[in-house]
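Novice: Take a look at the letters that make up each chain.
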Amino acid sequence: MRILVIEDDRKVANFIQTGLGQEGYSVDVLNDGEDAGEQARVIDYDAVVLDLMLPGRSGFQVLRDIRARKASLPVVILTAKDAPEERATGLDAGADDYMTKPFALVELSARLRAVLRRGAPLESVLRVVDLEMDTVHRTVRRGGMAIDLRPKEYALLEFLMRNVDRPLTKALIIEHVWDLHFDSVSNVVEVHINSLRKKIDKGFNVPLIHTVRGIGYLLTDAPS
Amino acid sequence: MTLTLRAGLATIMAIVFGLLIAGLSVVSYEVLARRLDADVTERLTQLMDGLHGYLRFNDDTASVAFDAGDNYQAVFVHDATRYYQVYDAGTGQLLAASNGMTPLGLHLTLGEVQALRARPEPYDIETDYGRLRIANSVRTGTDGRAYLLQVGLSLAPLDATLRRYRDLLWWCVPTALLLAVVAAWRLSVLALRPLSTMAEAARQVDVNALDRRLPVRGVGDELDRVASAFNETLGRLEHAVGEMRQFSAALAHELRTPLAALRGEIELALRAPGASRPQKDTYASQIEEIDRLTRLIDQVLTLARAEAGQIRLAFAPVDLGDLADSLVDELEPIAEAHAIELRGERVEAVVVDGDATWLQRLLLNLLDNALKYTPAHGRVAVRVSRDGDTARIEVRDTGVGLSPDDAQQVFEQFFRVDPARSSSIPGAGLGLSLVQWIAAQHRGTVTVQSRIGEGSTFTVTLPIRLA
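Residue numbers (this note's numbering), protein chains in the order written: chain A, 1 to 224; chain B, 225 to 691.
I should point out that these hints are in silico values taken from the structure, not numbers from a laboratory.
Among the hints, a few may not be true.
Part of the chain B face toward chain A, derived, beta carbon under 8 Å [said to hold, decoys possible]:
1) Arg487
2) Glu489
3) Glu491
4) Leu494
5) Ala508
6) Ile514
7) Pro557
In silico EDC-like links for lysine to aspartate or glutamate, alpha-carbon gap of 20 Å or less [claimed, not checked]:
8) A:Lys11 - B:Glu478
9) A:Lys70 - A:Asp28
10) A:Lys81 - B:Glu531
11) A:Lys11 - B:Asp515
12) A:Lys170 - B:Asp515
13) A:Lys81 - B:Asp515
14) A:Lys202 - B:Glu560
15) A:Lys81 - A:Asp9
16) A:Lys202 - A:Asp130
17) A:Lys199 - B:Glu560
18) A:Lys11 - A:Asp28
19) A:Lys198 - B:Glu554
20) A:Lys11 - A:Asp32
21) A:Lys198 - A:Glu158
22) A:Lys81 - B:Glu467
23) A:Lys152 - A:Asp179
24) A:Lys170 - A:Glu158
25) A:Lys152 - B:Glu560
26) A:Lys152 - A:Asp183
27) A:Lys170 - B:Glu554
28) A:Lys170 - B:Glu512
29) A:Lys81 - B:Glu478
30) A:Lys152 - B:Glu556
31) B:Lys504 - B:Glu489
32) A:Lys81 - B:Asp522
33) A:Lys199 - B:Glu554
34) A:Lys152 - A:Asp134
35) A:Lys170 - B:Asp505
For glycine and all other residues, C-beta sits at the position ideal for the given N, C-alpha and C.
With the rest of the complex left out, here is chain A:
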């Protein structure tokens, strides 16, 4: 997987390059948007990470350049502005996702995974060792025993299972399971993770839901 990162702040570009590199992506960095369109045409990238505030040229212009040459190339926008209108403008301009600085690397990679597998059919049955979710019938079993979940617990578990072995940040979880405004509600993720733990991990030898300090939460069967 090859990713093009267009970001003028060298430190930010650097950690994105290193972080994504550690996850197995090969990353090219451009510090301005001047040649972005041309480079996207010549090299067969799988996705683009684009900062909106570039020197000289607005990120929206760069986005149009890229779209003009590669209409379906996934683009994740990175911005220092968090106004909801900005987000809407970015998505309207043809971006596939939108992220506000500062952000977690795991969030960037989660969003990249999402835009990269866009269009691919979602599996209807998810399995992590003996935990099984049937998304058609909306049932959850562990070790063959049916588990009754509340709607938010179910949505949270589905999000964790679709990102198995990948840590997820609280912000990402809130955005997927609730909506943006719930980020002001204290403990909303912790409380639901705890109740989910009681239902799927309690009484089993191998705990599946793990807290990654400083990062967020992770569903995995690998021992921590």
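Here the structure of chain A is known, so what remains is to put chain B in place on it, guided by the hints.
Specialist: Frame of chain A, contents of chain B only:
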């Protein structure tokens, strides 16, 4: 304000007009009366002086002798002898009297004759035919005796003229006063119209329309100067707000980008395989602090944008009851985790014109606050009701409560209650400021009633219709 000013202006003008008209009437009446009176006196003097020349004395009688062929003499004597009488000034004997005088019963006694001889002043008397002015003079006759001559002139024509003039004023003055009031009102409207125009234009100006200006008519009068001064102020304000907006955008960028670099580098260090447990703990703690700082920046910028008028609400019908019910459902697990009983009391469906997203934020902030400040085994209740044209949302808790001083400041930015009671509770003291802003955007209010140790009730009132 305009009405009061207009009424005041009109009243002053009406009073001034009224006083002028009334004063003019009184003065003109007085001047006319004195003038006419002086004319009568002058005419009487002429008659008196002339008549002396025609008087002839013969023993105990006096007679008027004139040339009947002289038209002038005849007319003069006719006028002068209409009311006259002659007395012997020494004995008081009546020497002659005109036919017009006799029936008036003005026969003088000796005392009266002597008094008039000493002071021959004119005096007025009332008769059945109107007022009569009588002039007196003492002369020495051809026979060497002193005699008193009285000549009268009727004041009836004078009185009639004055009466007619008075009647005229009686009708004219109120009419003129009425006209003056109407004119004063019209004039004040005319005078204040530019002010009303200016007020209307000023009302159109708000933080989102600072490019508007008041019309300057270019005639260089006082109102133009006010409009120009106001426009200059608006210009400075527009400039300042523009700078502030740029500042908050720049601030966002300048803070977030280094924070992003910082957070990313720490995250990389946290993932590095060689990191020890204590190192990882430190990194994780630093990331938590950066996230806290980021949330604070988000909140501050949201409020700054809100107050700079950069946030536009999208109004549509919103059922507050449904909104409250769904949020109670969402927050129920959190309440349960804190052993708090959370209930929704929905009296009726209350649909208001509002922005669903921001109203959700308002209710979320209030409920989150209530849950944060209510200890275990407490209760939090939401109630939605309708009171006429007003929707009411109440969020009631049995939490720690607020002192009266704190309750007054609770909506201020960065206000947090006594640190001893709130240090363990997360938040920057911006949630309720946002609640207040959202309520205000819906032309509503938010208030709090609270008692330390008993709990608080936050009440939001919103108009059902915005129009």
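Novice: It remains to establish, for every hint, whether it holds in the given structure.
Specialist: Okay, the hints, checked on the actual structure:
Restraint check, Arg487 (chain B) versus chain A: the minimum CB separation of about 4 Å is within 8 Å; hint holds. At its closest, the beta carbon of Glu489 (chain B) sits 5 Å from a beta carbon of chain A; the interface hint therefore holds under the 8 Å criterion. The interface hint given for Glu491 (chain B) holds, since its Cβ lies 5 Å from the closest Cβ of chain A, which is under the 8 Å cut-off. The beta carbon of Leu494 (chain B) comes within 6 Å of a beta carbon in chain A, closer than 8 Å, and the hint placing it at the interface holds.
Interface hint status for Ala508 (chain B): upheld, as the beta-carbon distance to the closest one in chain A is roughly 3 Å, under 8 Å. For Ile514 (chain B), the suggested interface contact is upheld, since its CB lies about 6 Å from the closest CB of chain A, less than 8 Å. A least Cβ separation of about 5 Å between Pro557 (chain B) and chain A falls short of the 8 Å threshold, and the interface hint therefore holds. A distance of roughly 14 Å separates the Cα atoms of Lys11 (chain A) and Glu478 (chain B); the hinted pair therefore holds under the 20 Å criterion.
With a C-alpha separation of about 17 Å, the suggested pair Lys70 (chain A) and Asp28 (chain A) falls inside the 20 Å cut-off, and the hint holds. Restraint check: the Cα-Cα separation between Lys81 (chain A) and Glu531 (chain B) comes to about 17 Å, which is no more than 20 Å; the hinted pair holds. Between Lys11 (chain A) and Asp515 (chain B), the direct Cα distance comes to roughly 18 Å. Compliance with the 20 Å bound is thereby established for this hinted pair. Simply put, Lys170 (chain A) and Asp515 (chain B) have alpha-carbon atoms about 10 Å apart, close enough for the 20 Å limit, and the pair holds.
Restraint check: the Cα-Cα separation between Lys81 (chain A) and Asp515 (chain B) comes to about 16 Å, which is no more than 20 Å; the hinted pair holds. Proposed proximity of Lys202 (chain A) and Glu560 (chain B) is supported: the alpha carbons are some 19 Å apart, at most 20 Å. Restraint check for Lys81 (chain A) and Asp9 (chain A): the C-alpha separation of about 15 Å stays at or below 20 Å, so the hint holds. A C-alpha spacing of about 14 Å is found between Lys202 (chain A) and Asp130 (chain A), which places the hinted pair at or below 20 Å, so the restraint holds.
At roughly 15 Å between alpha-carbon atoms, Lys199 (chain A) and Glu560 (chain B) fall within 20 Å of each other, so this suggested pair holds. For the given pair, Lys11 (chain A) sits about 14 Å from Asp28 (chain A) by alpha-carbon distance, which is consistent with the 20 Å threshold. With a C-alpha separation of about 19 Å, the suggested pair Lys198 (chain A) and Glu554 (chain B) falls inside the 20 Å cut-off, and the hint holds. Note on Lys11 (chain A) and Asp32 (chain A): the hinted pairing holds, with a Cα-Cα distance of about 14 Å set against a maximum of 20 Å.
Using a Cα cut-off of 20 Å, the hinted pair Lys198 (chain A) and Glu158 (chain A) holds, with the two alpha carbons roughly 16 Å apart. Under the criterion of a C-alpha separation no larger than 20 Å, the hint pairing Lys81 (chain A) with Glu467 (chain B) is consistent with the structure, at around 17 Å. Simply put, Lys152 (chain A) and Asp179 (chain A) have alpha-carbon atoms about 12 Å apart, close enough for the 20 Å limit, and the pair holds. Only pairs whose Cα atoms come within 20 Å are accepted, and Lys170 (chain A) paired with Glu158 (chain A) is accepted, the gap being roughly 15 Å.
Distance check on the hinted pair: Lys152 (chain A) and Glu560 (chain B) sit about 15 Å apart at the alpha-carbon level, within 20 Å; holds. Restraint check for Lys152 (chain A) and Asp183 (chain A): the C-alpha separation of about 15 Å stays at or below 20 Å, so the hint holds. Our distance criterion of 20 Å between C-alpha atoms is met by Lys170 (chain A) and Glu554 (chain B), whose separation comes to about 17 Å. Using a Cα cut-off of 20 Å, the hinted pair Lys170 (chain A) and Glu512 (chain B) holds, with the two alpha carbons roughly 11 Å apart.
Pair hint Lys81 (chain A) plus Glu478 (chain B) holds up; C-alpha atoms about 10 Å apart against a cutoff of 20 Å. Restraint check for Lys152 (chain A) and Glu556 (chain B): satisfied, since their Cα atoms lie roughly 11 Å apart, inside the 20 Å limit. A C-alpha spacing of about 13 Å is found between Lys504 (chain B) and Glu489 (chain B), which places the hinted pair at or below 20 Å, so the restraint holds. A C-alpha spacing of about 9 Å is found between Lys81 (chain A) and Asp522 (chain B), which places the hinted pair at or below 20 Å, so the restraint holds.
Annotation: proposed proximity of Lys199 (chain A) to Glu554 (chain B) holds, straight-line Cα distance about 18 Å (limit 20 Å). Using a Cα cut-off of 20 Å, the hinted pair Lys152 (chain A) and Asp134 (chain A) holds, with the two alpha carbons roughly 16 Å apart. Distance restraint check for Lys170 (chain A) and Asp505 (chain B): the Cα-Cα separation of roughly 18 Å lies within the 20 Å cut-off, and the hinted pair is therefore satisfied.
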